[in-house]
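K.L.:
Sequence:
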Amino acid sequence: MSSVPGWANVDERRNLPPALAVSTVILGIREGKDGGHDKLCLPVVRRIRQPHTGMWALPGGPVDPRESLGQAAGRNLAETTGLRPTYLEQLYTFGDIDRSPTHRLVTIAYFALLNADQVGATVQDDNVAWFDIDDPQIAQMAFDHRKILDYAMWRLRNKTEYGQIAHRLLGERFTLAALRGVYEAILGRRLDPANFRRTLKSTASIEETDEYLAGGQHRPPRLYRYVGHGPDPLEVDPLHD
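Counting in this note's numbering, the sequence shown runs from 526 upward without gaps.
Hints are computed from structural coordinates only; laboratory data are not their basis. Check each hint, because a few of them may be wrong.
[Claimed, not checked] Here are the computed distance ranges between Cβ atoms for each label pair:
#1 P590 / L712: 20 to 30 Å
#2 R624 / H562: 47 to 57 Å
#3 E697 / P542: 44 to 54 Å
#4 R744 / E592: 48 to 58 Å
[Stated by the list, open to error] With a straight-line cut-off of 16 Å between C-alpha atoms, the simulated EDC-like cross-links for lysine to aspartate or glutamate are:
#5 K558 / D660
#6 K672 / D660
#7 K558 / E732
#8 K672 / D623
#9 K558 / D657
#10 K672 / D651
#11 K672 / D621
#12 K684 / E709
#13 K558 / D717
#14 K684 / E614
Please read these numbers as outputs of a predicted model, since none were measured by experiment. The C-beta atom is built at its ideal place from N, Cα and C for all residues, glycine as well.
The whole structure should be built from the sequences, with the hints applied where relevant.
P.N.:
Shown next as structure tokens:
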């Protein structure tokens, strides 16, 4: 990120070249409590300096001149949260003139999905925390980070392949019930199991395996796997209809 001289007043800062930063929305799934919905959640960091001191923000930071944007996103994510996802997807560029109260700031937002066993695995720091996406504590976030999160959720809801999302959030093998739980968490509503199963039959990205989920007192459910490939298309852009 371009440094902002300490001597510059507000008007002078606004006339400086835009600073460049990256921020990452990184989502995971965790089981609902007492039979409730599974929940989508994400790590956020508490700002310790102005502007927006004390507010929660997405993990991110400046871009070093010697690194790519993707490298900057991965480095900042590791430095702030300790997380190192294997896959980062560029989400959108946010550059409204007044998104920072001190200077012009352009942010390249990235998006990642974590396997369930990685949820909660961040550095031990009071300024790093996991929240469900609907937690009122992150209803308002620093800068326009809530807008970035909402855009990431819109994009996730418009993914076209069931299997790719399951693969990212659940791992190599998953049950149909677990997959349905993921989509209920994404959509925020219950899905009829029979209708959901019929919908899955229309996609070639998921196939049965010969394996079953171990444990439990009843007949073990069959495990499925993702067999698709390639990125999912972003069909339309809700920010610029």
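K.L.:
Hey, K672 versus D621, does the alpha-carbon distance stay inside 16 Å?
P.N.:
holds (12 Å)
K.L.:
Do the alpha carbons of K672 and D623 lie within 16 Å of each other, as the hint requires?
P.N.:
Holds - the C-alpha atoms of D623 and K672 are around 14 Å apart, at most 16 Å.
K.L.:
Between P590 and L712, is the Cβ distance one that fits in 20 to 30 Å?
P.N.:
violated (42 Å)
K.L.:
Hey, K558 versus D717, does the alpha-carbon distance stay inside 16 Å?
P.N.:
violated (20 Å)
K.L.:
Within 47 to 57 Å or not, the Cβ separation of R624 and H562?
P.N.:
Taking Cβ atoms as reference, R624 and H562 lie about 32 Å apart, which means the hint is violated.
K.L.:
Below or equal to 16 Å on CA atoms is what counts here, so check K672 against D651.
P.N.:
Measuring from Cα to Cα gives roughly 24 Å; hence the hint is violated.
K.L.:
Cβ-Cβ distance between E697 and P542: within 44 to 54 Å?
P.N.:
For E697 and P542 the Cβ distance comes to about 46 Å; the hint holds.
K.L.:
Run the distance test for K558 versus D657: straight-line Cα separation, threshold 16 Å.
P.N.:
holds (12 Å)
K.L.:
Does the structure keep K684 and E614 at a Cα separation of 16 Å or less?
P.N.:
holds (13 Å)
K.L.:
Next pair to validate is K684 with E709; report whether the Cα-Cα distance is within 16 Å.
P.N.:
holds (14 Å)
K.L.:
K558 and E732 were given as a pair; does the straight-line alpha-carbon distance stay at or below 16 Å?
P.N.:
Violated, at about 30 Å.
K.L.:
Just to be sure I understand the hint, the distance between the Cβ atoms of R744 and E592 should be within 48 to 58 Å; is that true here?
P.N.:
holds (52 Å)
Hints 1, 2, 7, 10 and 13 from the list above are not met by this structure, while the remaining hints are.
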